Every structure is written in C-alpha cells, then in structure tokens.
Amino acid sequence: MLQFESLSELWNMAGHGPYVWACYLITAIAIVYLLVSPLRRRRQLFEQLRRQARIEAAGQSDARRPDF
Amino acid sequence: MSGRAAGIDDSLQAQATPVPGLWPGFWATLRRDLLLAFRHRGEMANPILFFLMVITMVPLGISPEKAVLAMLAPGMLWVVALLATLLSLDGLFRSDFEDGTLEQLLIAPQPLYFQVLAKVLVHWLTSGLPLTLMAPLLGVMLSLPEGGYGVLVLSLLLGTASLSLIGSIGAALTVALRKGGLLLSLIILPLYVPVLIFGASAVTSVVEGFPASGQLAILGAFLATSIVLAPLAAAGALRISVNG
Amino acid sequence: MANPLIQLEALSCERDERVLFSGLDLSVFAGDVIQIEGPNGSGKTTLLRVLTTTSADFSGEIRWLGQPLSKARLDYLNNLLYIGHLPGIKKGLTPGENLRWFCGLNQGHQRMSMEEALAAVGLAGYEDVPCYQLSAGQNRRVALARLYLTPARVWILDEPFTAIDKQGVANLEKLMAEHAAGGGCVLLTTHQELDLAGVRKVNLLGYRQVRS
Amino acid sequence: MGWQWFHRLGSPRWFYEKSSAWIPWLAVLSIALLLWGSVWGLAFAPTDFKQGNSYRIIYIHVPAAFLSLAGYYVMAISGAIGLIWKMKLADMVMKSAAVIGAVLTFVSLVTGAVWGKPTWGTWWVWDARITSMLVLFFLYLGVIALQEAYQQQDTANKASAILALVGMVNIPIIYKSVDWWYTLHQPATIKFTSESTIHPSMLYPLLVMVIAFYLFYALALLLRTRSEILYRERKTRWVQELAEAGKGSH
Numbered sequence: 000m001l002q003f004e005s006l007s008e009l010w011n012m013a014g015h016g017p018y019v020w021a022c023y024l025i026t027a028i029a030i031v032y033l034l035v036s037p038l039r040r041r042r043q044l045f046e047q048l049r050r051q052a053r054i055e056a057a058g059q060s061d062a063r064r065p066d067f
Numbered sequence: 000m001s002g003r004a005a006g007i008d009d010s011l012q013a014q015a016t017p018v019p020g021l022w023p024g025f026w027a028t029l030r031r032d033l034l035l036a037f038r039h040r041g042e043m044a045n046p047i048l049f050f051l052m053v054i055t056m057v058p059l060g061i062s063p064e065k066a067v068l069a070m071l072a073p074g075m076l077w078v079v080a081l082l083a084t085l086l087s088l089d090g091l092f093r094s095d096f097e098d099g100t101l102e103q104l105l106i107a108p109q110p111l112y113f114q115v116l117a118k119v120l121v122h123w124l125t126s127g128l129p130l131t132l133m134a135p136l137l138g139v140m141l142s143l144p145e146g147g148y149g150v151l152v153l154s155l156l157l158g159t160a161s162l163s164l165i166g167s168i169g170a171a172l173t174v175a176l177r178k179g180g181l182l183l184s185l186i187i188l189p190l191y192v193p194v195l196i197f198g199a200s201a202v203t204s205v206v207e208g209f210p211a212s213g214q215l216a217i218l219g220a221f222l223a224t225s226i227v228l229a230p231l232a233a234a235g236a237l238r239i240s241v242n243g
Numbered sequence: 000m001a002n003p004l005i006q007l008e009a010l011s012c013e014r015d016e017r018v019l020f021s022g023l024d025l026s027v028f029a030g031d032v033i034q035i036e037g038p039n040g041s042g043k044t045t046l047l048r049v050l051t052t053t054s055a056d057f058s059g060e061i062r063w064l065g066q067p068l069s070k071a072r073l074d075y076l077n078n079l080l081y082i083g084h085l086p087g088i089k090k091g092l093t094p095g096e097n098l099r100w101f102c103g104l105n106q107g108h109q110r111m112s113m114e115e116a117l118a119a120v121g122l123a124g125y126e127d128v129p130c131y132q133l134s135a136g137q138n139r140r141v142a143l144a145r146l147y148l149t150p151a152r153v154w155i156l157d158e159p160f161t162a163i164d165k166q167g168v169a170n171l172e173k174l175m176a177e178h179a180a181g182g183g184c185v186l187l188t189t190h191q192e193l194d195l196a197g198v199r200k201v202n203l204l205g206y207r208q209v210r211s
Numbered sequence: 000m001g002w003q004w005f006h007r008l009g010s011p012r013w014f015y016e017k018s019s020a021w022i023p024w025l026a027v028l029s030i031a032l033l034l035w036g037s038v039w040g041l042a043f044a045p046t047d048f049k050q051g052n053s054y055r056i057i058y059i060h061v062p063a064a065f066l067s068l069a070g071y072y073v074m075a076i077s078g079a080i081g082l083i084w085k086m087k088l089a090d091m092v093m094k095s096a097a098v099i100g101a102v103l104t105f106v107s108l109v110t111g112a113v114w115g116k117p118t119w120g121t122w123w124v125w126d127a128r129i130t131s132m133l134v135l136f137f138l139y140l141g142v143i144a145l146q147e148a149y150q151q152q153d154t155a156n157k158a159s160a161i162l163a164l165v166g167m168v169n170i171p172i173i174y175k176s177v178d179w180w181y182t183l184h185q186p187a188t189i190k191f192t193s194e195s196t197i198h199p200s201m202l203y204p205l206l207v208m209v210i211a212f213y214l215f216y217a218l219a220l221l222l223r224t225r226s227e228i229l230y231r232e233r234k235t236r237w238v239q240e241l242a243e244a245g246k247g248s249h
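Chains as they are written, first to last, in numbering that gives the first Met the number 0: chain A, 0 to 67; chain B, 0 to 243; chain C, 0 to 211; chain D, 0 to 249.
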C-alpha cells in the first residue's frame with residue numbers, strides 16, 4: 000500500500016526526508032561508482048593498447064630507416 | 000662436533016651434517032638481539048620517553064583536576080603504552096633486512112617460528128617490559144586511584160606482550176617498504192582493539208571496586224593465542240617481504 | 000658417475016611479469032665450481048636466491064640429493080652457506096659476535112675456532128672491534144670468514160670478490176678449490192676471471208625465452 | 000579429471016571469456032531488484048510508529064552492512080586460495096573485493112550515521128555495531144594501503160592476503176570485544192531495537208534488498224575482476240586482440 004499521498008509528502012517523509020534521501024543518494028553514488036570505474040578502466044586500457052599497437056605498427060614499417 | 004683441525008675431506012663427506020638444535024638457535028638470536036639492544040640503549044629509552052611525554056600532555060591538554068585525571072588514567076595509560084609499542088615496532092626487522100642478516104635468518108636450518116619468537120621476545124623485553132615498569136609512576140602522575148596499580152602492571156605485562164606479537168606481523172609485512180612506519184600503524188592498530196578494550200577495562204573495573212580477573216584471563220588467552228599464531232603469520236610475511 | 004648434489008630440472012624464473020630464463024637444466028656434482036654468467040638483469044642473482052630458497056618466483060623442480068627440495072628442505076639448508084650482496088653483518092657487533100651468531104644457528108658444527116677463521120681472512124686481532132669501525136672490505140671478509148667455519152657442502156656466493164684485494168682473492172680461490180676437492184660444490188657469480196682449474200660456466204643468456 | 004575445472008578457473012583468460020555471458024543477467028537482475036526493493040521500501044512499506052520514516056534507511060544500511068562483513072571473508076578466502084594454490088585469478092578477486100568491500104562498509108557507516116541523527120539526535124554514537132563497522136573499515140583500508148604500497152604485484156598480493164587472513168581471524172574477536180565493551184558502557188537511554196520489533200510487511204522489502212545487494216556485489220566483483228584481468232594480462236596477445244576488436248563497445 001502506498002504510504003504517501005503526494006510526491007511532496009514522499010519527498011518530505013514527515014521531516015525525515017532529507018536523511019532518508021541523502022542515504023539513498025549516497026548509496027546510488029557508490030553503486031554507480033562500483034559499476035562505472037571498472038568499465039572506465041577497461042576503456043582506458045584498451046585505448047592505451049591500441050595507441051601502443053599503432054606506434055609499434057608505425058615503427059615496423061619504418062624499420063629500414065636508421066635510428067635517428 | 001668435528002675436530003678443530005679436521006681436514007675438509009672427512010668433515011664434509013664422512014657423515015651427513017647433524018641437524019642443529021632448536022634452543023641453541025633460539026638463544027643465539029635472543030642473545031644477539033639483546034646485545035644489540037644493549038649497545039643501542041639510547042634507542043631503547045625512546046618509547047619510554049615518548050610514554051612519559053605524552054602522559055605529561057594529558058593534564059596540559061585536558062585538566063589537572065584530580066577527579067578528571069583519575070577517570071582518564073586507565074584508558075590514557077593503555078592508549079599511550081599501545082602507541083609507544085607501535086612506535087618501536089618498525090625497527091623490529093628493518094635493520095636485519097637492511098644489512099642482510101634477515102636473509103641469513105630465513106635460510107638458517109632453524110624453524111623461522113622460533114627465530115621470530117626470539118626477536119619478538121627481545122622487542123618486548125626492551126619496550127613492553129620497561130613501559131610496564133614505568134606505568135605505576137605515570138599512574139601517580141595521572142592520580143590513578145590506589146587500588147589500580149597492581150592490575151595496571153599485570154594487564155600491561157600480559158597486554159604489551161600480545162601487542163609485540165601482533166605487531167610483528169605488521170613489521171614483517173612492511174619491512175621491505177621504504178616508508179613502512181606509518182603503514183605499519185595503519186594495518187596494525189585495528190588489530191589492537193580487543194587488547195586495548197580488555198586491558199583498559201581491567202584497570203577501570205578494579206578502580207571502581209569490581210574484580211578484574213575476567214579481563215586478565217582474557218588478556219592471557221589473547222597472549223596464548225598470539226604466541227601460537229602471530230609468529231607463524233610473521234614468518235610467512237617475512238618470506239614474502241624478502242622474496243619481493 | 001656419482002649422484003648429483005643438486006639437480007635443477009626445467010627451471011624457469013619470472014619476475015615483474017618478465018621471464019628471466021627458462022628451461023634451465025643443471026646437475027651440480029660434488030667437486031663442481033660453477034660460475035653463473037650473463038649480463039646484468041639476466042637473472043643471476045635471482046637464480047642464486049631461488050637456490051637459497053629465499054625466492055619462490057620459479058617453476059620447475061629443484062632436487063637435493065635426489066629428493067625434491069620441498070621434502071629435503073631442512074637437510075639442504077643445513078648444508079647451505081650463502082653470502083649475498085649484503086654481507087649479513089651487524090655493524091653494532093664485533094666480528095666475533097657476528098660469527099658466534101652464525102655458528103649458533105648451526106650450533107656446534109664449526110670446523111675451526113672463530114679466532115682461526117678471522118686470522119684466515121686476515122682479521123686477526125680484530126675480534127673485539129665493532130664492525131662499524133671496519134672498512135667495507137673488512138666487513139666483507141668477516142662474512143667470508145664463515146666459509147672457514149662452515150661444514151656446509153653447498154656454497155652459494157654472489158659476487159664474493161667485491162671489495163677484496165688480490166691476496167684475498169687468491170686465498171678465496173684456494174679455499175674454493177679445497178672445498179670442491181673435499182666433496183663440496185660452489186655456485187657463484189663474479190665479474191672476475193677465476194684462476195681455478197675445471198670451473199664450469201653456465202650462461203643464462205642461453206636460457207632466455209624467445210617470444211613467439 | 001575432477002580437478003580440471005579448478006585449473007581452468009585459474010586461467011584468467013578462460014574466466015574472462017566464460018564470465019562475459021553472466022554479466023547481462025546479473026546486471027539486469029540486480030538493478031531491477033535494487034529498484035524494486037528501493038521503491039517498495041521507500042514508498043510502500045508501512046511507517047514505523049516509533050522511528051517514523053527514518054527507519055527506511057534500514058533497506059540500504061543493513062544489506063550494505065551484511066555485505067561488508069561477507070565481503071571481508073570473500074577477500075580473505077580468495078587471498079588464501081591465491082597464497083596456497085598460487086592461483087592468479089584468486090589474487091585478482093582479492094584485490095577487487097578489497098575495494099568493493101571498503102566502499103560498501105563506507106556506505107553502511109555513512110547511512111548508519113545519517114540514520115542516527117533523526118533517531119538519537121546526533122550524527123555519531125559509539126554504538127557497538129557502528130564501532131565494529133568502523134574497525135572493519137580500517138581493516139579494509141589497511142589491506143588496500145598495503146596492496147598499493149608494493150610496486151611488485153606479486154608481493155603486493157601475497158602480503159595483503161596475509162593481512163586479510165590475519166584480519167579474518169581477528170574479526171570475530173574484535174566484534175565480540177566491541178560488543179562486550181558496549182554493554183559495559185551502554186547508556187540506558189539509547190536502545191537500538193528496530194530490528195526486534197520489525198513487522199513482516201517491513202521485512203519483505205528488506206529481504207528483496209538483501210538479495211539485490213548480494214547480486215550487485217557479485218556483479219561489481221565480476222566487473223572489477225575482469226578489468227583487473229585485462230590490466231594484468233595487457234601484454235598478452237589475446238588482450239591486445241580484444242583491444243583491437245573492441246574499439247569502444249562495452
């Protein structure tokens with residue numbers, strides 16, 4: 000059964016709203032952090048590996064050129 | 000024992016080298032570390048001075064009033080003794096690591112457990128024991144009520160030994176790190192919580208007129224458990240630190 | 000043919016996700032003096048540390064008198080003497096006290112008195128001088144004095160000639176020859192050319208893994 | 000034969016490839032349950048007549064607290080597996096579990112503190128459970144700090160695994176000690192009884208949230224371990240090919 004009659008009442012929660020919503024917000028941030036940070040790390044790693052591969056490929060095609 | 004002038008031939012090949020004794024190895028390290036501690040007596044005084052100075056800060060920072068100090072005394076003495084132990088722990092294996100004797104310790108034909116135990120025993124003899132003996136004096140300075148002194152000494156005696164043992168794990172884990180000291184405190188302090196709780200509570204309860212035998216028994220149990228387990232963990236940690 | 004003292008079977012070492020060497024097979028017999036060679040970073044020290052059991056970064060099998068090291072560890076360590084980069088000398092103690100500690104760990108199995116051993120490395124009369132008053136070379140020699148004391152059959156020496164003068168080098172070479180002749184073995188690294196007959200050389204470059 | 004799966008599980012690549020199939024399921028299920036449980040707990044569960052609406056924090060505080068403790072055991076046990084069987088995958092799980100556990104412990108600490116304000120009128124109370132949680136948080140931080148302090152990955156893993164194991168042995172002792180300490184100093188006015196008086200209609204959303212948090216934990220651990228696998232195997236061909244093929248996609 001829905002406990003609140005309006006959105007503002009749900010927001011306010013008879014004065015306890017700020018506390019409750021703050022907790023849920025903090026948890027949401029933590030959850031998003033835990034989900035996004037490994038994905039971000041993976042994307043950065045892949046970008047770095049691709050950059051390295053490009054440099055290596057370029058180096059190989061210039062292999063006959065003397066160093067410096 | 001092979002003879003003094005025995006040629007290399009017969010001493011090497013004739014019989015398998017006998018396995019060295021356990022206690023002689025233990026004593027050798029114990030004696031060596033005690034000797035070193037004695038040579039560096041100045042350093043030995045540092046934790047005690049730290050103990051004294053921090054306790055001096057308490058009335059300065061809070062209040063010189065007798066009633067207030069008496070209430071704080073058990074906990075304060077325990078917290079500061081704990082910190083003083085922690086301060087001296089960083090050096091437990093560090094100098095051995097730096098001059099290569101730790102490496103030699105690891106490859107000695109001795110169980111590392113007893114070697115670690117010998118080193119921790121010396122650490123306790125040179126930090127925990129003097130701290131314990133100092134504590135009644137500082138108790139007077141903090142106007143610890145009369146009945147508390149015996150239990151204060153007894154609880155510190157049992158407790159600081161556990162602190163040295165548990166701390167040896169942290170010292171072993173951080174010995175290869177250049178800035179291991181602070182990290183050592185971070186990883187070891189949470190593990191000190193039970194000892195602190197029961198140590199301080201033993202003194203408090205006897206001051207308030209209750210028996211402290213329960214707390215002391217638990218401190219004894221902590222000590223027994225630490226003697227069995229902590230050197231094992233520290234020995235494992237030393238192998239890892241030296242390997243890395 | 001006698002049985003080898005130490006056998007390495009397909010030994011590979013990996014450090015920092017880099018393979019230093021792999022597929023190293025080596026049998027060390029009584030009487031062997033083996034010089035491990037290779038440029039810096041080829042894993043000489045790591046190999047010696049693996050052989051002293053202080054490093055576990057390896058795969059493959061090490062045998063002591065035919066038994067896997069894991070089973071014969073105590074007996075092996077009892078027969079091992081290792082002198083590494085760090086001399087393992089406490090600066091706060093005297094040479095005599097340092098040696099007494101080493102002998103205490105292997106209690107009762109020394110071949111001569113400490114005074115004789117110190118005299119053999121040219122430190123007679125220094126028994127009671129604290130090591131921090133000695134030079135680096137003298138400290139090194141305190142460590143080498145252990146070679147005269149130990150009954151161990153396996154000597155593992157990492158750059159033993161560092162900071163040692165000519166006479167000292169000659170003495171040490173003679174000592175190693177005697178040790179080998181007496182049924183022991185020596186594994187060492189050095190940048191110097193050894194003036195010893197029958198030194199076997201193992202170059203780690205030959206076991207470097209080729210990346211496919 | 001029976002051990003084959005164990006050795007294959009030890010292969011990070013095998014695990015990486017196998018586990019990609021689980022992620023969508025876990026993600027959908029855990030997010031859906033989290034949303035369902037939250038909406039239920041926030042809007043539909045009855046208001047507690049003693050604590051009012053502030054008790055709704057329980058729906059995240061308690062599951063987070065459960066998982067911070069369970070997570071420590073996950074970390075320590077995988078650390079032990081890594082130490083004993085030298086299984087690389089277990090080391091990676093341990094490292095990932097340390098961070099996730101610390102974050103969840105932090106969440107349960109903060110939600111506990113915020114909950115304290117309307118209930119006890121103060122942000123921080125030295126309540127037994129919160130104090131134990133704080134010590135647990137310190138234990139996590141110690142493991143992470145030790146892990147970070149070592150340059151060499153292998154040493155870092157082994158050292159932090161030992162610390163995690165020592166912590167695991169200590170946790171029951173610490174919890175019991177803090178409990179005992181609390182009963183000694185407990186002021187009579189503060190009594191934390193919400194759980195003993197909880198009504199079944201308040202319990203069901205909690206159950207949903209606990210399951211949701213467990214699933215989410217599995218998801219987070221999986222994602223983090225997978226990114227750790229890629230990082231540590233970055234020099235191998237299969238990861239480099241994956242990078243080439245992957246371009247930007249998930």
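What the hints contain is simulated information worked out from the structure, not anything from laboratory work.
Owing to the predicted nature of the structure, the values given are computational and were not obtained by experimental measurement.
Heads up, the beta-carbon is just placed ideally off N, CA and C, and yes, glycines get one too.
Some hints could be false.
[As the list claims (entries may be wrong)] Straight-line distance between alpha carbons at most 25 Å, and here's what the computed DSS-like set of lysine-lysine pairs gives:
| id | chain 1 | residue 1 | chain 2 | residue 2 |
| --- | --- | --- | --- | --- |
| 1 | C | 90 | B | 178 |
| 2 | D | 234 | D | 85 |
| 3 | D | 87 | D | 17 |
| 4 | D | 49 | D | 116 |
| 5 | C | 200 | C | 165 |
| 6 | C | 70 | D | 85 |
[What the hints assert, rightly or not] A short, non-exhaustive set of chain D residues, derived as facing chain C with CB atoms under 10 Å:
| id | residue |
| --- | --- |
| 7 | 128 |
| 8 | 150 |
| 9 | 151 |
| 10 | 152 |
| 11 | 153 |
| 12 | 231 |
| 13 | 234 |
Against the structure, the hints:
| no. | hint | in the structure |
| --- | --- | --- |
| 1 | C:90 <-> B:178 | holds (22 Å) |
| 2 | D:234 <-> D:85 | holds (20 Å) |
| 3 | D:87 <-> D:17 | holds (16 Å) |
| 4 | D:49 <-> D:116 | holds (15 Å) |
| 5 | C:200 <-> C:165 | holds (22 Å) |
| 6 | C:70 <-> D:85 | holds (19 Å) |
| 7 | 128 | violated (41 Å) |
| 8 | 150 | holds (9 Å) |
| 9 | 151 | holds (6 Å) |
| 10 | 152 | holds (7 Å) |
| 11 | 153 | holds (7 Å) |
| 12 | 231 | holds (8 Å) |
| 13 | 234 | holds (7 Å) |
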